[in-house]
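*Asks:* My numbering puts the first residue of the sequence shown at 1, with every later residue one more than the last.
No incorrect hints appear here.
In the BS3-like style, the derived pairs of lysine-lysine whose C-alpha atoms are separated by at most 27 angstroms in a straight line are:
| # | residue 1 | residue 2 |
| --- | --- | --- |
| 1 | LYS52 | LYS142 |
| 2 | LYS53 | LYS142 |
| 3 | LYS142 | LYS59 |
| 4 | LYS129 | LYS59 |
| 5 | LYS129 | LYS142 |
Derived by calculation from the structure, the hints in this document are not laboratory data.
Computed from a predicted model, the values in this text were never measured in an experiment.
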Amino acid sequence: MGQAVFPRLMCAIVLTFCLGACGNSAEQHSAPTEVPHPSPSVGTQKLSYPAKKVMARYKATAASFPNALPAGITFPDALPDRLLEDNYVAEAGVAEGVANFYWRCAWQDAFLTAASLNDQGAADAAFEKLATDWESLPFYQKYVEDPDRLWQSTALEPAARRDFRPLERDFHNGCRFYLEHNVHSDGRQR
Numbered sequence: 001m002g003q004a005v006f007p008r009l010m011c012a013i014v015l016t017f018c019l020g021a022c023g024n025s026a027e028q029h030s031a032p033t034e035v036p037h038p039s040p041s042v043g044t045q046k047l048s049y050p051a052k053k054v055m056a057r058y059k060a061t062a063a064s065f066p067n068a069l070p071a072g073i074t075f076p077d078a079l080p081d082r083l084l085e086d087n088y089v090a091e092a093g094v095a096e097g098v099a100n101f102y103w104r105c106a107w108q109d110a111f112l113t114a115a116s117l118n119d120q121g122a123a124d125a126a127f128e129k130l131a132t133d134w135e136s137l138p139f140y141q142k143y144v145e146d147p148d149r150l151w152q153s154t155a156l157e158p159a160a161r162r163d164f165r166p167l168e169r170d171f172h173n174g175c176r177f178y179l180e181h182n183v184h185s186d187g188r189q190r
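With the sequences and hints as input, model every part of the structure.
*Replies:* Rendered as structure tokens:
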């Protein structure tokens, strides 16, 4: 993989999680102008596939995901509509990236919720998923170029020291797709 600073795959993943269903078609396909905190590069392969295959790749990834989601959380049945538009061509890894980042967001939510409730056992279990399982996922191994471990050092390590603000900021800025599909038992959106 090359030394990409911010390749199109990362832009597509950021758009998926940050923009939600808002904006017009031109806005949905433009690159973000600002990154809220340092992000690792996500390498791409030169392959691409049309939107009609994106859903199939996503469903296959979700169905065979190697690590469990937190109790009560499931992968959504559908991707955001903008990834399924006829004129959208996804690079290799986009559908897989959506599922993998959804998994990470689910465990961030589990950790932040447990920490806010002072449930140390649940917080420790969720933190362990983020600290060890994230980097071992096949998607991470294949596509993420992060030799400096930026997400771990800027979001996860502060949380280990009980400074949850960077991880909360990352969760709220980067987990829109997850947030759109999950609500608390009392009906509030997470």
